[in-house]
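Position chains A and F relative to chain Y; hints supplied.
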Amino acid sequence: MFGVNFFQENGMSDPILRLEDISKSFGGVRVLEKVSFDVERGARHALIGPNGAGKTTLFNVISGIHDPEQGKVLLEGKDLKGIPSRKRIKKGLSRSFQNIRLMPHLSVLENVMLGQHSRFQFLDMVKPLNFSAKSTGKAEAIETLNSFGIDLYEGQTVSSLPYGIRKKIEVVRALMSEPQLLLLDEPAAGLNTAETNTLRDLLKEVSNRGITLLLVDHDMPFVNSLCEQVSVMNFGQLIYDGPISDLKKDEKVLEAYLGMDENSERSNA
Amino acid sequence: MLFEQVLQQIINGLMLGSIYISVAVAFTLAIGILNFLNFTIPALYMLAGMVGWSLSQYGVPFGLSGPINWAFALFIGIICAILASLLVERFTYRYFKMKHGDATEHAIPLVSSLGFLLIFEYIILIAHGSDTRGFSTAFSNLDWRIGGFIISIPQLLSLVFSILIVAGLSVLLKRSKVGRALRAIAENPDAATIMGIDVDRIVPIVFILIGFLCGISAAIFAINYHEVSPYMGDHVGTKAIAAMVIGGLGSVWGAIAGGLIVGLSETLSIYFFGASSAQITVWGLLLVLLVFRPTGLFGHNAIGKGKF
Amino acid sequence: MSGYLSGVLAILGINIIFAYSIYITAATGQLNLGGAGFQAIGAYACALLSNELGLPIYLTLVFSAILGGAISFLIAFPVLRTKGVYMVLATFAIAEIVAGIILNTDYLGGPTGMIVNAYIETEVVLVVAVIIVILGFYIMSTRIGLAMRAVHDDEAVADLMGVDKRAIQVGAFTIGGAIAGLSGGLYALYFGFIEAQYFNANISIFVLLYVLIGGTQTAWGPLVGASFFTLIPEALRIGDDWRFFIFGVIIVIMMIFRPEGIVTRDALERVWRQLFSGKRNV
Numbered sequence: 001m002f003g004v005n006f007f008q009e010n011g012m013s014d015p016i017l018r019l020e021d022i023s024k025s026f027g028g029v030r031v032l033e034k035v036s037f038d039v040e041r042g043a044r045h046a047l048i049g050p051n052g053a054g055k056t057t058l059f060n061v062i063s064g065i066h067d068p069e070q071g072k073v074l075l076e077g078k079d080l081k082g083i084p085s086r087k088r089i090k091k092g093l094s095r096s097f098q099n100i101r102l103m104p105h106l107s108v109l110e111n112v113m114l115g116q117h118s119r120f121q122f123l124d125m126v127k128p129l130n131f132s133a134k135s136t137g138k139a140e141a142i143e144t145l146n147s148f149g150i151d152l153y154e155g156q157t158v159s160s161l162p163y164g165i166r167k168k169i170e171v172v173r174a175l176m177s178e179p180q181l182l183l184l185d186e187p188a189a190g191l192n193t194a195e196t197n198t199l200r201d202l203l204k205e206v207s208n209r210g211i212t213l214l215l216v217d218h219d220m221p222f223v224n225s226l227c228e229q230v231s232v233m234n235f236g237q238l239i240y241d242g243p244i245s246d247l248k249k250d251e252k253v254l255e256a257y258l259g260m261d262e263n264s265e266r267s268n269a
Numbered sequence: 001m002l003f004e005q006v007l008q009q010i011i012n013g014l015m016l017g018s019i020y021i022s023v024a025v026a027f028t029l030a031i032g033i034l035n036f037l038n039f040t041i042p043a044l045y046m047l048a049g050m051v052g053w054s055l056s057q058y059g060v061p062f063g064l065s066g067p068i069n070w071a072f073a074l075f076i077g078i079i080c081a082i083l084a085s086l087l088v089e090r091f092t093y094r095y096f097k098m099k100h101g102d103a104t105e106h107a108i109p110l111v112s113s114l115g116f117l118l119i120f121e122y123i124i125l126i127a128h129g130s131d132t133r134g135f136s137t138a139f140s141n142l143d144w145r146i147g148g149f150i151i152s153i154p155q156l157l158s159l160v161f162s163i164l165i166v167a168g169l170s171v172l173l174k175r176s177k178v179g180r181a182l183r184a185i186a187e188n189p190d191a192a193t194i195m196g197i198d199v200d201r202i203v204p205i206v207f208i209l210i211g212f213l214c215g216i217s218a219a220i221f222a223i224n225y226h227e228v229s230p231y232m233g234d235h236v237g238t239k240a241i242a243a244m245v246i247g248g249l250g251s252v253w254g255a256i257a258g259g260l261i262v263g264l265s266e267t268l269s270i271y272f273f274g275a276s277s278a279q280i281t282v283w284g285l286l287l288v289l290l291v292f293r294p295t296g297l298f299g300h301n302a303i304g305k306g307k308f
Numbered sequence: 001m002s003g004y005l006s007g008v009l010a011i012l013g014i015n016i017i018f019a020y021s022i023y024i025t026a027a028t029g030q031l032n033l034g035g036a037g038f039q040a041i042g043a044y045a046c047a048l049l050s051n052e053l054g055l056p057i058y059l060t061l062v063f064s065a066i067l068g069g070a071i072s073f074l075i076a077f078p079v080l081r082t083k084g085v086y087m088v089l090a091t092f093a094i095a096e097i098v099a100g101i102i103l104n105t106d107y108l109g110g111p112t113g114m115i116v117n118a119y120i121e122t123e124v125v126l127v128v129a130v131i132i133v134i135l136g137f138y139i140m141s142t143r144i145g146l147a148m149r150a151v152h153d154d155e156a157v158a159d160l161m162g163v164d165k166r167a168i169q170v171g172a173f174t175i176g177g178a179i180a181g182l183s184g185g186l187y188a189l190y191f192g193f194i195e196a197q198y199f200n201a202n203i204s205i206f207v208l209l210y211v212l213i214g215g216t217q218t219a220w221g222p223l224v225g226a227s228f229f230t231l232i233p234e235a236l237r238i239g240d241d242w243r244f245f246i247f248g249v250i251i252v253i254m255m256i257f258r259p260e261g262i263v264t265r266d267a268l269e270r271v272w273r274q275l276f277s278g279k280r281n282v
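Chains as they are written, first to last, in the working numbering: chain Y, 1 to 269; chain A, 1 to 308; chain F, 1 to 282.
Don't take each hint at face value.
Below, a list of computed lysine-lysine pairs in the BS3-like style, where the Cα atoms sit at most 25 Å apart [to be verified]:
1. F:Lys165 to A:Lys99
2. Y:Lys81 to Y:Lys34
3. F:Lys83 to Y:Lys87
4. Y:Lys87 to Y:Lys127
5. Y:Lys90 to Y:Lys78
6. Y:Lys252 to Y:Lys34
7. Y:Lys134 to Y:Lys81
8. Y:Lys72 to Y:Lys34
9. Y:Lys248 to Y:Lys34
10. Y:Lys91 to Y:Lys78
11. Y:Lys87 to F:Lys165
12. Y:Lys204 to Y:Lys91
13. Y:Lys249 to Y:Lys34
14. Y:Lys72 to Y:Lys90
15. F:Lys165 to F:Lys83
16. Y:Lys90 to Y:Lys127
17. Y:Lys91 to F:Lys165
18. F:Lys83 to A:Lys99
19. Y:Lys72 to Y:Lys91
20. F:Lys83 to Y:Lys72
21. Y:Lys81 to Y:Lys91
22. Y:Lys249 to Y:Lys90
23. Y:Lys127 to F:Lys165
24. Y:Lys72 to Y:Lys87
25. F:Lys165 to Y:Lys90
26. Y:Lys248 to Y:Lys204
27. F:Lys83 to A:Lys97
Just so you know, these hints were derived from the structure itself, not from any lab. All values derive from a computational prediction rather than experimental measurement.
In isolation and in its complexed conformation, chain Y is listed as follows (with noise of 0.2 Å):
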């Protein structure tokens, strides 16, 4: 009575993300085409695919920025259909960007205490940042970057700052809100063999506090390393879903991939 089934049925195996059937199109061209595909709790998912392929109009449809106009996305068992993008982060998710969008004018701790907003009450909102740093999330912010080996570089706004370490920040910054779900778009895209790897312990030990991991990403070690879980898109269509373990296999994805290892190897140089 107590076994799988029961906890399937109570939705306690559910699938923390669900798409299904999204379709969009901008100005008459098809770009993203009936797909349907879960994310596990707790998994470890990536989304590949050539580049124009729609993975990063399927992140904005998932965050809200556009509505697709067919097909639900389902986070938490929830249609998100009507929540404002705005309110989505409460719901547990948060993203990350294919080009770093961090606020040039404001300083990293600035920046990853952005992230706590939607955590914060407008009482709360009122209090002078300078002075109340436990009660305004200011505390926090500083250990979670020291726990990270992120230097706080105190006065100065981010855009002085190294790549690498900026998109280190854009990270911490989407972890600030407690998301149960974490979208990252390219976190790797840039960093060197060295950045790459903290990159890669850095989510893992993210994923091991529980939080589930969608990224898109083109780096394939890097991804090998990571998830276990893949969707791959080609024209705005799913074409594999499934292990990744299985991937090289899959005729589909050879033929779209043509040329992928060659991809992989330039981008590791």
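Chains A and F in isolation, oriented as in the chain Y frame:
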């Protein structure tokens, strides 16, 4: 009787509009091609008028010549407007490099053009004081009377002349190589550079056109209304901006339509409601347009999308 | 205190308050080129309440702020639908409409202006200025201020972080309008006479320039900008027309070499370090 009076006012309004047309086109070119709300334009207009007057009154400064014939003086005034416009290009537009793309950064060229507005306006105020100056030209009061209506010949010619110049400009933009380059720059300046367009040499052409249009407009005004003043730019500037918005940012024909509409609404408003009402009518209309139909009559969405 | 110095300080105080009104919205990423309109609203509200109802000064000032804020709030929703150059033009239009309405309303004095029956001393202006400066610094030091600066830098991402950008923008616009109204009320009470022709495009342009030249990255900007452009011409005894000419030259030069304004976050940090070596400002 009333109908005839109103019709006369309509005629007056169209004539007034002809002044606004060229300046409105100058604004619309700057916004459409360069994404630049160029607040120096009213000052360029004023420079042409005041320099023209000054030359015809006193000749070249420092006693280098005697008073100059009005037509030639106005011509030099137009050249001055063009040169001043090129100064703006050199020190405002060319230096501008977008780093972050936030709202206050987009405002940098606009702010700089405000700086030049102050520079030009106050140079003239320092040199000549704030009085309005009479400017006599050969055309005094040549009116055409048709069936009870008065149409001033110089004003009619100005209207026709403005429309011809602007139409010529429109053709230039559509057919010529330079025109195509300008439209490419308007679409996407970076792509234009990649395609081999020498942006640094083409952009000044826009500024030359802007200076020319302002100068022509000032000459037309001086000839028709027989006066210039250091504040003439302020009077025309806001109306021309309104005309640009009504016609749609970036649209040359829109600026023509807008100029005429503004001239009409101003004149009719003064006739029916009194002198100060024009301001409310024109700007009220503008505000409603900006909120509900910012593309105006002929404009398109691309301009000003996002931040600027 | 000499009459002349007193006058300069009063103007300085009013300019500083006015500058903060524009700064609050500029820090959120909106450019308000119609500040004079809200200042006029506050000035005329204050004048009417003093003249017609004989309300005490402090009450009229409060009302001028409230009215400035209320009208800002009402028009915020349509105006904030516009963006960039359209918003600049829309705010400009609003100021023109306000001035036009005043010009056409005889009850408000029309083109002849209105005399204000109450009067305040310079000290009152300066006290209010200090309060507003502190308020400005305070707002920017909170999480709300952080959210404002986030909306300024990247609206789309701020939204995804959960910031209610509409609320922030409307809030900033409203507070800005209230402070502008307050500056108008102080102007009316100090100078004793107001006319629509004073609240013109030049006023709106100048105050925006003070803020942008001072710098919008920190709350020091409007203080520095307004003080710089009010005091330096007086200190150097530059005559009216020349002062604006030089102002124009400075603007052009600043936009070439230091477009982010006099006070930037990085510059501020360097100054802090030199003054208080060891104490850091994160």
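Results for each hint:
1. F:Lys165 to A:Lys99: 23 Å, holds
2. Y:Lys81 to Y:Lys34: 16 Å, holds
3. F:Lys83 to Y:Lys87: 23 Å, holds
4. Y:Lys87 to Y:Lys127: 23 Å, holds
5. Y:Lys90 to Y:Lys78: 13 Å, holds
6. Y:Lys252 to Y:Lys34: 17 Å, holds
7. Y:Lys134 to Y:Lys81: Violated. Lys134 (chain Y) to Lys81 (chain Y) sits at ~36 Å, over the 25 Å cutoff.
8. Y:Lys72 to Y:Lys34: 10 Å, holds
9. Y:Lys248 to Y:Lys34: Holds, at about 24 Å.
10. Y:Lys91 to Y:Lys78: 10 Å, holds
11. Y:Lys87 to F:Lys165: 12 Å, holds
12. Y:Lys204 to Y:Lys91: Since the Cα atoms of Lys204 (chain Y) and Lys91 (chain Y) sit roughly 22 Å apart, the hinted pair holds (cutoff 25 Å).
13. Y:Lys249 to Y:Lys34: 24 Å, holds
14. Y:Lys72 to Y:Lys90: Holds: Lys72 (chain Y) and Lys90 (chain Y) sit about 19 Å apart, inside 25 Å.
15. F:Lys165 to F:Lys83: Answer holds: Lys165 (chain F) to Lys83 (chain F) is near 14 Å, not above 25 Å.
16. Y:Lys90 to Y:Lys127: Holds - the C-alpha atoms of Lys127 (chain Y) and Lys90 (chain Y) are around 21 Å apart, at most 25 Å.
17. Y:Lys91 to F:Lys165: Given that 25 Å is the threshold and the Cα spacing comes to 18 Å, the pair holds.
18. F:Lys83 to A:Lys99: 19 Å, holds
19. Y:Lys72 to Y:Lys91: Holds: Lys72 (chain Y) and Lys91 (chain Y) sit about 16 Å apart, inside 25 Å.
20. F:Lys83 to Y:Lys72: 31 Å, violated
21. Y:Lys81 to Y:Lys91: 13 Å, holds
22. Y:Lys249 to Y:Lys90: 39 Å, violated
23. Y:Lys127 to F:Lys165: 19 Å, holds
24. Y:Lys72 to Y:Lys87: 17 Å, holds
25. F:Lys165 to Y:Lys90: Holds, at roughly 15 Å.
26. Y:Lys248 to Y:Lys204: OK: Lys248 (chain Y) and Lys204 (chain Y) at ~23 Å, within 25 Å.
27. F:Lys83 to A:Lys97: 21 Å, holds
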